[in-house]
Structures are given as structure tokens and as C-alpha cells.
Amino acid sequence: MYQADAKGSKLNLARRTRIAGLSIWRDWQLWAMLLPAAIYIIIFCYGPMYGLQLAFRDYDFSKGITGGNWVGLKYFMQYFESPMFWPTMRNTFIISLFSLICGFPIPILLAIVINSIRKQAFKRIVQTTLYLPYFISIVVMVALLQIMLSPTTGLFSNALKAMHLIPQDMNLLGSSSAFVWVYVLSGIWQMAGWNSIIFLAALSAVDRNLYDASQVDGANKWQQVRHIEIPSILPTIIILLIMNMGTILSVGFEKTFLMQNALNKSVSEVISTYVFNVGIMSGQFSFGSAVGLFNTLINFLFLILANQLAKRAANISLV
Amino acid sequence: MKMTQLFTTALAGCLITVALAGCAGGGNNDNNSSKNTNQSASSEKVKLTALVVKHSLTKDVNTMQWLNDLQDSVGVEIEWQQISADWDQKKSVLFASGEIPDLLFNATTDADYVQYQGLFEDLSPLINESATNISQMFNDHPEAKVLAETIDGKIYGVPRYRSVWPDTSPTMFINKTWLDNLGLELPTTWDELEDVLIAFRDGDPNQNGDTTDEIPMDFDKITSSYSPRLLLGSLGLPLSNYTQNGYFVEDGIVKNFLIDDRFKTLMIYLQKLYKEGLINQEVITQDYSKYQSLARGDGNIAKVGFTWGWESGDRFGNELRSQYVALPQLKQHSDSTHELYWSYDHYQIGYSGNAVAMSSKTKNKEAAMKFIDAMYDEKTSIEVLFGGMNDTDKGIKDNGDGTYQVLPPADAQLDPGTWKWTNSLADMGAFYIRDEMKQKLTLGEDMQRVVEEKSTYDQLLAKADVRINVYPQGFMKYSQEDINILAMNQANINHITDQSWAIWMTDASKDIEAEWNDYVKQVNNVGMKQNLEIRQKAYEAYLAQL
Amino acid sequence: MSSPNVGSLLHQPNVADKAFHIVVGIIAISAFLIVAYPLFFIIIASFSDPALVSQGKVVLLPKNISWYGYQQIFKNEQIWIGYRNTIIYSVVGTLLNLAVTLPAAYSLSRRAFRPRKVVMTLFVFTMYFSGGMVPTYMLVKSLNLLNTPWIMIVIGAVSVYNLIITRTFFESSIPDELYEAAVLDGCSHFRYFATIVLPLSKAVIAVIMLYYLVGHWNSFFSPLLYLNSDSLQPLQIVLRNILLSNQAMAGASEGASAYAQQLADQIKYGVIIVSTIPVLCAYPFIQKYFEQGVMIGAVKG
Numbered sequence: 001m002y003q004a005d006a007k008g009s010k011l012n013l014a015r016r017t018r019i020a021g022l023s024i025w026r027d028w029q030l031w032a033m034l035l036p037a038a039i040y041i042i043i044f045c046y047g048p049m050y051g052l053q054l055a056f057r058d059y060d061f062s063k064g065i066t067g068g069n070w071v072g073l074k075y076f077m078q079y080f081e082s083p084m085f086w087p088t089m090r091n092t093f094i095i096s097l098f099s100l101i102c103g104f105p106i107p108i109l110l111a112i113v114i115n116s117i118r119k120q121a122f123k124r125i126v127q128t129t130l131y132l133p134y135f136i137s138i139v140v141m142v143a144l145l146q147i148m149l150s151p152t153t154g155l156f157s158n159a160l161k162a163m164h165l166i167p168q169d170m171n172l173l174g175s176s177s178a179f180v181w182v183y184v185l186s187g188i189w190q191m192a193g194w195n196s197i198i199f200l201a202a203l204s205a206v207d208r209n210l211y212d213a214s215q216v217d218g219a220n221k222w223q224q225v226r227h228i229e230i231p232s233i234l235p236t237i238i239i240l241l242i243m244n245m246g247t248i249l250s251v252g253f254e255k256t257f258l259m260q261n262a263l264n265k266s267v268s269e270v271i272s273t274y275v276f277n278v279g280i281m282s283g284q285f286s287f288g289s290a291v292g293l294f295n296t297l298i299n300f301l302f303l304i305l306a307n308q309l310a311k312r313a314a315n316i317s318l319v
Numbered sequence: 001m002k003m004t005q006l007f008t009t010a011l012a013g014c015l016i017t018v019a020l021a022g023c024a025g026g027g028n029n030d031n032n033s034s035k036n037t038n039q040s041a042s043s044e045k046v047k048l049t050a051l052v053v054k055h056s057l058t059k060d061v062n063t064m065q066w067l068n069d070l071q072d073s074v075g076v077e078i079e080w081q082q083i084s085a086d087w088d089q090k091k092s093v094l095f096a097s098g099e100i101p102d103l104l105f106n107a108t109t110d111a112d113y114v115q116y117q118g119l120f121e122d123l124s125p126l127i128n129e130s131a132t133n134i135s136q137m138f139n140d141h142p143e144a145k146v147l148a149e150t151i152d153g154k155i156y157g158v159p160r161y162r163s164v165w166p167d168t169s170p171t172m173f174i175n176k177t178w179l180d181n182l183g184l185e186l187p188t189t190w191d192e193l194e195d196v197l198i199a200f201r202d203g204d205p206n207q208n209g210d211t212t213d214e215i216p217m218d219f220d221k222i223t224s225s226y227s228p229r230l231l232l233g234s235l236g237l238p239l240s241n242y243t244q245n246g247y248f249v250e251d252g253i254v255k256n257f258l259i260d261d262r263f264k265t266l267m268i269y270l271q272k273l274y275k276e277g278l279i280n281q282e283v284i285t286q287d288y289s290k291y292q293s294l295a296r297g298d299g300n301i302a303k304v305g306f307t308w309g310w311e312s313g314d315r316f317g318n319e320l321r322s323q324y325v326a327l328p329q330l331k332q333h334s335d336s337t338h339e340l341y342w343s344y345d346h347y348q349i350g351y352s353g354n355a356v357a358m359s360s361k362t363k364n365k366e367a368a369m370k371f372i373d374a375m376y377d378e379k380t381s382i383e384v385l386f387g388g389m390n391d392t393d394k395g396i397k398d399n400g401d402g403t404y405q406v407l408p409p410a411d412a413q414l415d416p417g418t419w420k421w422t423n424s425l426a427d428m429g430a431f432y433i434r435d436e437m438k439q440k441l442t443l444g445e446d447m448q449r450v451v452e453e454k455s456t457y458d459q460l461l462a463k464a465d466v467r468i469n470v471y472p473q474g475f476m477k478y479s480q481e482d483i484n485i486l487a488m489n490q491a492n493i494n495h496i497t498d499q500s501w502a503i504w505m506t507d508a509s510k511d512i513e514a515e516w517n518d519y520v521k522q523v524n525n526v527g528m529k530q531n532l533e534i535r536q537k538a539y540e541a542y543l544a545q546l
Numbered sequence: 001m002s003s004p005n006v007g008s009l010l011h012q013p014n015v016a017d018k019a020f021h022i023v024v025g026i027i028a029i030s031a032f033l034i035v036a037y038p039l040f041f042i043i044i045a046s047f048s049d050p051a052l053v054s055q056g057k058v059v060l061l062p063k064n065i066s067w068y069g070y071q072q073i074f075k076n077e078q079i080w081i082g083y084r085n086t087i088i089y090s091v092v093g094t095l096l097n098l099a100v101t102l103p104a105a106y107s108l109s110r111r112a113f114r115p116r117k118v119v120m121t122l123f124v125f126t127m128y129f130s131g132g133m134v135p136t137y138m139l140v141k142s143l144n145l146l147n148t149p150w151i152m153i154v155i156g157a158v159s160v161y162n163l164i165i166t167r168t169f170f171e172s173s174i175p176d177e178l179y180e181a182a183v184l185d186g187c188s189h190f191r192y193f194a195t196i197v198l199p200l201s202k203a204v205i206a207v208i209m210l211y212y213l214v215g216h217w218n219s220f221f222s223p224l225l226y227l228n229s230d231s232l233q234p235l236q237i238v239l240r241n242i243l244l245s246n247q248a249m250a251g252a253s254e255g256a257s258a259y260a261q262q263l264a265d266q267i268k269y270g271v272i273i274v275s276t277i278p279v280l281c282a283y284p285f286i287q288k289y290f291e292q293g294v295m296i297g298a299v300k301g
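Those protein sequences? They're chains A, B and C, same order as listed. One point on numbering: in our numbering, the residue at position 189 of the first sequence is 189, and numbering is uninterrupted. One point on numbering: in our numbering, the residue at position 474 of the second sequence is 474, and numbering is uninterrupted. One point on numbering: in our numbering, the residue at position 1 of the third sequence is 1, and numbering is uninterrupted.
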């Protein structure tokens, strides 16, 4: 028995090494092309990964980064048991869900629109203008909102009032019902053009022959969009949607913090601003690390979920 | 599983290579630097490295003549690293890496000493041995020593003290020109204030023909020093030391005004004013830029009638500042009998901690201490704050008879404040401005105005007594565990209180009286009760130390 | 008009196409206006009286024109050093990014490449989990990259996000038949990648190039942590210092002049323009690659 077993495993091993050898030999060029990226990821991403422990330890400098007392889930529990757990989770989730639902389709629409503009000069002007807001810093972005939405002197809020779209005494900057809209729509304003670039690129890769063929078949523009353009950028759409699902609990700190005031705090206190408020008063990192890690875990779960769904539905996945 | 193992091995391999490379490189560097020190050992000066966190206006410290002179006289040569932005981010990595300069000016906090134990030197033995100036500061002002000591009696950061500043931060301003134009007197009570504000609203006190562009009353957030919470002093509630998060002391008991009945009275009053259109409708949502620019009006036309601020020139600009006068604290009604108070901020303005700290790895600690102590010298201290006494720095003039004078800006384009921040380490330096300086030092024009305006409140400020009605914020020490609890609770408390006062003030349909008890109960439950207990304990411990 | 009529009208190609172009035009013009006005506002705000700007009195034309903001920005000599450094970091860094990302994306796009699943999983993991600021800093320090220009080029050499985008493009836009045909001709991966894949992927290369370039251009946190010398600082850090030195400590009481606050308000708009114009100039060169369609059929033929 022993003999046979050994023999069997030896054989197995030999075959396996041969196969592995064959695959490495056969694919050595692919390995070589992958190598630089892999080295970078190993050194710069996995190298510092031991720092994840911080969330489970009391930081103690004299014992090194990982030498502090192991406190397990203490800081996680501190967050879960805090009365602010549900409000911050809910606010964060609402803001990012709205951002995703409203913000994701618009760049696709813009890309299709821009791609369909026939006048080259106009196309360029529109495209260049739309991507520019991406370069506005968040501080200036919020300052713009302050100026445009001021209830007394704001151009935009006065226009909305003139059109009776909002009540006369509405203060868009200090209303808990308007906060999410202002946050999301200004985010779209800033990001949509930039985010459309990738779809524009995907559209440009559509085989011109397909258009010609469909024209011969008598298809109109609407049908071309539906039957040629959307299907050919669908893989890009799905991949980006999956990756966006992985940011479901990430609401930018700076913008929320700058837009926050006493009147909208009930909806604007998100996980990141809460962690900041606690951290700045206590001057310690472990609580922040723990909440951050929890945040990431949820994001990661959403990513996996979205990935599985996409795999089943469209056979497209991240890995 | 196998992949993971393989991966771990690969990772370990890489890390070892990295570490080796790091060691080899580091070794080389060490060799180089030790050679350097050997060479420099022949010259008599002690070389030190120092990091200074300064205001971004402040010029290169290497160009400060007085500082170079000081180094020469002490016999040290300092290589400066200057930081003026985003220090908090840089700090965490620098401290965690364990390699810090010998001296750190204005760069540390109490929490750092707890978090990075062993990184900083306990200075108390050195101070006792040789630092005569710092010892003198501790003798003259025992509070300074209390401020500096950690909970276990060590001193990692040397504090600063300055006498020449006033004892309160806010001043209440009203536009006297507007009052005159409408034929009104300075208000003395809340009721009269309301009448005056109504007159501001309905009339055209800035006389530009537009009756709608006047904003009767404007202020910063209620959590700031420049807000209507100062009117709590009308109701016998003693505010002190910026009253951060609402804590104050009354009859030796730590309390919080956010759950005090007198705050309810104030909110009802403010709700009424807001409803009548007497308060800027954007008071809660406007940003700092707009808040500032509004009070500066439009050329010579003032827009704001009644507000709070540090100093009239700063708040209203040079064109408009003469229109405003400092208004004494108001009574609630003409027949009210409450004791009047004004915010007593002496502890926050006069003292601050951690002006300078020392690395525990400093080679020549005696020399480093000697340099630090030299900054606390009587004459040097005022140079730290206002700039050097020489022809290069042009900060202060030595009158030769033991008195000094802060010079007006050498750069005529700058106002005195900006000049000070450009020309010296200013309030971020390490200094001990002795009490005698109040007589010996003639201040700049801006500071003279500050002192004069604040003198309005001298009588009220004289009521301050740390054992009865001053909350020594910043001087009270807590354990790390307590700090965590305080921080968590405070975030929960603020979440409720911030929204409550904002909604009460802006929404006239809210019945504050009816909601009050539930609100207080809720705030107590999310941690106010616990925080007050912790702070009471710390307050008593502080008093025991005096 | 009844609805079946509209439907049948839309089925006529010329009417439907006309409607399509009208809709496209309306969306394009309104999107353009919505975005363009605030951008225009930033430009006029950068040289108008800051007090009038924050009071909402500057709407269509600049008021009380003052060039103080730009004067403050350009009187600082550091800014030219900043421009130089940023251009170097961005160009060299982006070249490295492309050299690392494109081959890796190609490898991972080959379905026959067995380890791709495991490798992708490990890569994606790093998009979410990281050791944090301090351990990364220690690593950079032990590699002797602190306060060297190299760290600005090496850090972020590959972004997994961009890698996935590129890989998806390779997978979905380059037909497998091309590879099979190439293999029959005895083509190696290297040659196939260089002669077929890259030329066909100009669009996606242009996009990730733009992503990387702008990432380097806007990079703020890395130089903040890893660089100390003034001579190495990139534009964003220089601009931030200029902005801060003109800003009073908001709400600070003890005499830091609040005049400065207003000047800072003007500078903050100027800074946006100063830092964005070079990117705006570079954009058309990149833009043309993802606007032109690629005739895959032509290559095939």
C-alpha cells in the first residue's frame, strides 16, 4: 500500500510539475508581462498590509506598530454600540446609493450624446467643457455651492424659486431634505463629464462596419444606439458598475464636512465625519482604523455580491 | 491554500530583500552622517536639529536675525525644518517612524506624549537643574506648571505665557452711527436690543435709500466664541475660556449650558428675533468668507448692525470700524436681578501648552535645554512674539530705559497683525511674557485698540475666580481611557445639540418649552451625565494641585 | 396627433434620425450650459473683488477687477519649480504606469492564462484593504525613497482600477480570432501584444494615460508625506502653501488679520485656473485618440 501510494503520489507530482512546468514554460511571456505589476503590488500593497492589525490593538509606540495590546473587537464594539451607529450608517448609505443610482447612468448617456454629435468642433467644445469640473477642488466646489445656492443672493436658488420649483423660504444649504440632492447633483455636475470619457473610448472602439451594415438594413439612429452601441459598451458598463458597488459606503469626507452645518446634520453626519469628530477629540487612531476596516469590509462584500450577480447574469466579472 | 503559502513565502522573500536593501542603504547614510559629526566636532558650536510649525505667513526662520543671534549667544547651531501646512498628517508618520529632530516647536500635543511613549524627553529634571527662566515662569504662574505636567507628573512640553493680552476674546459691537441716524440710545437690556434691531430692520440707518439691505444682527456659529451665547452672561451664567462644547463652572460645579434652563430662555428669545427677521436668515448656513465680507459692508455703507468679534478693525475693516462701539453686557429686563458676567478667557489666551518639546534621542540635552530656556528670557520672549530688536528684523524698539515699543509695520502695505505674523514666530513661538511687560511694553496700534475695546468688560471680568466660576479648559488632565469616553460621548451629544438649537432658532413652530425636558433627558442619556462626572473629577484634581 | 402616427413616423429613418439629432443637440447644449456657467464664474471670480463674489454680486461680468490673486501666485518663485517638478513626475510617472499596466492587463486578459483568477483576486483585494499610512511610510523609508523624486514616480505604479478597465477593453474589443490567426502565423505573445493589441487599443490607452496623468498632476498626499525639500515639491503643494499663507486662521481670535481671508478667497479661484490650464492644453492630444473610431475590420483584412 505504502509503496503504491508513494508511487502514485510521485507520479502525480511528476505530472503536476510537468504540467506546471509546461504552463510556465508555455506562458513565460505572459508571466514576464505580469511581473512588474505583481512586484509592485507585493511590495507596496502587501508589504504594509500588517498594519491592518492596528484596528485590533491599542497603539503603543514603544512596542512598535504591531506591539500594542491586543484588544480584539473593542473598537468595533465601541462603534456598534454607539447611538450614532445607525444614523451614520443610514446617512452614508443613502448618500452613496443616490449617488450611484443617479450618477451612474448619466455619464453613459453623455457619452452616447457626445458620440452622436456630427459637428466636430461643437463635439470637442462640449466634451472638453464637460470634463473640466473634475479639476475643481472640493473647497472651491463647496464655495461655489455657497454662492449659487444662497437663499438671498444665490443665482441658482433664486432661479428655482422664480420657477416655483422650491418654496420661497427654502434654504437649500440648510435643509435636511435638500442636502442629499445638493450633494448628489453637485457631484454629478462635477464628475459626469469626466466619467463619460471611458465610455466614449469604448464607443470609439465600435467597429464602423457594424454601422454600415445596420444602415443597409434600414436601421435608424435610435436603433443603432440600442442594438450596436449599448451592447458593445456593456462589458465596460458592467465592470464599472461592479467597481462602483464596491464604494457603496464611501462618502467623501471633505465635501460632506464642508457642506455640513447644524441644520442638515441629521442627514449629513456620515461615517467619515463621525470618525473625524471622535478622532479629533480623542487624538487616537485605533477607533478610526476599526471603523475604517468595518467600512471596507462592507464595501468588499457589496463588490463580491455585485460581481457574482454580474457573473450569473452576463458572464462578466472582475476576476 | 497552496497559493496562499506560496504567496506568503514570496511576500516574505520580497520583504527580506527590501529590509536588507533598507539596512544596507541606511548603514551607508549612518556612516556619512557620523563622518559629518566627526568633522563638525572640531568647531565649538553644538549642532542641533529642530522642527518648527509656524504660520504660513511667517518668513523663513533662518532670516530672523534675533534667532541667529540667540543661537550664537547660547553656542548652538540649529538646522531648521519648517512646516506651515498639514502638520497633523505629516506628524503621524514622522512620529511613528521614531526619528524626530532634537527640538520640536509648537508641534506636539498632550495626546502625542501618551501615544508615542518614549519618543519625547521628560524635561522636568533638566528644567530644575538649569532652566532658570522656565523655573521662574513656573514659580510666578503655578498654573503654567499644572498645564505642562502630564497626569503622572512629567513635563514633555514647555508651555508659554503672555501677560499683555486682554482677558476676554469676544467684544459685542453695535453700529453707533446707525443708532445716531435713528436717534436711538445704546440698548442696555434684551428688550431694548429687540426694539433697536426692529428699528434697524424697518428704517434705513445706513442711509443708502434702501430699507432692505440692513442686517440687524449677525453672528458666527453658536459653538463659537462670537455668538449670542454670550448673552447667557445676562442671566448669571459665567462663561469662561471659550466655553468649548458648552462646559462651564458655577459655584465649583462643572455644568453644561446646553442643558441649562437659562439656555432655553436664550433660545426662546433668539427664536423670536429670528422670526421677526432681525437675525440674518443665512446665519447658520453661510460660510466664513461670507460671514466676514458681510460685516465689511459695501465701501462706506455698513450692512450689519449688531454682532460680536475680536476687534473692530478685524471685524469691520478700516473703512467701517469707526462706526462701531463696544457694547456693555445687557441685562435681560430692566428689572432683572441676575448677576452679569462676560466670558473670562484668561486661561486660554494667556497660557497655552506644548510650545516646545525635546526628542529623547537628543545627544546634547543640556545644550538643547539651554537654548530653549534662552527663549524664555524676559527680553528674548518679546522678540519671539513681536519680532527682533535690531535693524534687520525691525520688530521692537528698545527705548533704553527698560521699556520697549512694538514698531509699526516696516512694510507699509501690511496691517500690524499681518506684519507680526510675517516677521516673527508670533503666538506660535515659545515665550514667557512677564506681567511687568504690561507696563514696560507699548503695544502696536491694533493691540491698543483691542485692549481699549475690551476694557468695557473689565468690571465683569473681575468677578472671575477659578474656584467658583472659571472652567480651566486645557488645564485639566484625563487618563487615556477617559479621553476616549469623553470623545465618543461628545460626538453623540453634539449630534443632538447642534441640530436642536439650529431648528429651535429657525423654525418658529417649534415649542421649545414643550420639547425642553425630553431634550435634556436625551442629551444626558447619550453621555452628558458621564462627561460631567469625569470633568468634575478632573476639575477638582486641578484645584487640588494649585 | 395620435400616438400610432408618431410611432410610424419614428420608423421612417430620416424622420427618426432627425428627431435623434434634435434630442442629442438639446441634451448637449443644455449640458454644456449647465457646466459652462459655473466654470465661467470661477474665471471671473478669480479677478473680481472677493467681497462682492462671496456676497453673490458677481454674476455675469467681473466687478472691481483686481489681479491681486494672480500676482500673489506668480510672485512666488517656487511656482516655476513646482510646474517643472509636476511635469517631470507626471510624464515619467505616466510612462512607467503604462509600461507596467498595459502588459499586465494583456496577460490577465488571456483566458488561457491559468493563474489569472488568483492574481486578479489578489489584486482586487488591495483596492480595498491596505496597511495604512504609517506602515507604507515605513516601507518607503526602508527603500530609501523618502525625499527623492523617485517616490513620486514609483508610488502608484499600477492602479488596479485602471488595470481592470484596460483588461476589460482588451477582452471585449479585440476579437479572439485575431489571436488565433496570429498564433497560426507563429506569433509570440510579445509580438502579438506589440504589433496587434497596442495599435488597436489606442482609445483605452489614451484614457488610462489621461487617468494616470491627471492622477499624478493632482497628487497631493504623497508629496505631503514623502517629500521635504522645497526643490522637490510639485505644483499642488506650492499652490496650497500660497493659498494658506494668504488665509487667516478662520475664526482665530488673537489678531491674525481677517483681511487675509478675503484675499485667500480670490486666490483659491486663481489656483484652480493656474493648475488646470496645462492639463487643458495637453487634453486635445489625448482626446483625438478616443474620438477616432478604430476599424478593426481594416486590420483584419
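Worth flagging that the hints you see were computed from the coordinates, not collected in a lab. Hints may be right or wrong, so weigh each one.
Claimed, not checked - List of simulated lysine to aspartate or glutamate pairs, EDC-like, C-alpha gap at most 16 Å:
(1) C:K141 with B:E99
(2) C:K63 with B:D298
(3) B:K275 with A:D169
(4) B:K331 with B:D191
(5) B:K59 with C:D230
(6) C:K57 with B:D191
(7) A:K74 with B:E185
(8) B:K463 with B:D251
(9) B:K176 with B:D204
(10) B:K331 with B:D195
(11) B:K59 with C:D185
(12) A:K63 with B:E99
(13) B:K45 with B:E99
Said to hold, decoys possible - Coverage of chain A stretches by chain B, computed from C-beta distances (three or more under 8 Å per stretch; other residues unrestricted):
(14) 48-62
(15) 107-117
(16) 140-153
In this text, all values refer to a predicted model and were calculated from it rather than measured experimentally. Beta carbons are placed, not taken as given, at the ideal position from N, Cα and C, and that holds for glycine.
For each hint, the structure was consulted:
For the hint pairing K141 of chain C with E99 of chain B, the CA-to-CA distance comes to about 11 Å; that is within 16 Å, so the pair holds. Restraint check: the Cα-Cα separation between K63 of chain C and D298 of chain B comes to about 13 Å, which is no more than 16 Å; the hinted pair holds. Proximity of K275 of chain B to D169 of chain A is assessed by CA-CA distance (about 12 Å); at most 16 Å being required, the pair is judged to hold. For the suggested pair K331 of chain B and D191 of chain B, the alpha carbons sit about 9 Å apart, so the restraint of at most 16 Å is met.
Restraint check: the Cα-Cα separation between K59 of chain B and D230 of chain C comes to about 14 Å, which is no more than 16 Å; the hinted pair holds. With a C-alpha separation of about 35 Å, the suggested pairing of K57 of chain C with D191 of chain B is violated against the 16 Å cut-off. Among the hinted pairs, K74 of chain A with E185 of chain B is inconsistent with the structure: their alpha-carbon atoms are about 61 Å apart, more than 16 Å. With a CA separation close to 12 Å, the supplied pair K463 of chain B and D251 of chain B stays within the 16 Å bound.
For a cut-off of 16 Å, the pair hint linking K176 of chain B to D204 of chain B stands: about 14 Å separates their Cα positions. About 14 Å separates the Cα atoms of K331 of chain B and D195 of chain B, which keeps this hinted pair within 16 Å; it holds. About 69 Å separates the Cα atoms of K59 of chain B and D185 of chain C, which puts this hinted pair outside 16 Å; it is violated. This hinted pair checks out: K63 of chain A and E99 of chain B have alpha carbons roughly 15 Å apart, not beyond 16 Å.
Restraint check for K45 of chain B and E99 of chain B: not satisfied, since their Cα atoms lie roughly 23 Å apart, outside the 16 Å limit. Check result for the segment 48-62 of chain A against chain B: holds, 4 residues qualifying (beta carbon to beta carbon below 8 Å, three or more required). For the segment 107-117 of chain A, the proposed coverage by chain B is not satisfied: 0 residues have a C-beta within less than 8 Å of a C-beta in that chain, short of the threshold of three. Against chain B, the segment 140-153 of chain A contributes 6 residues with a C-beta closer than 8 Å to a partner C-beta. That satisfies the three-residue criterion, and the hint holds.
Of the numbered hints stated above, those contradicted by the structure are hints 6, 7, 11, 13 and 15, listed in ascending order.
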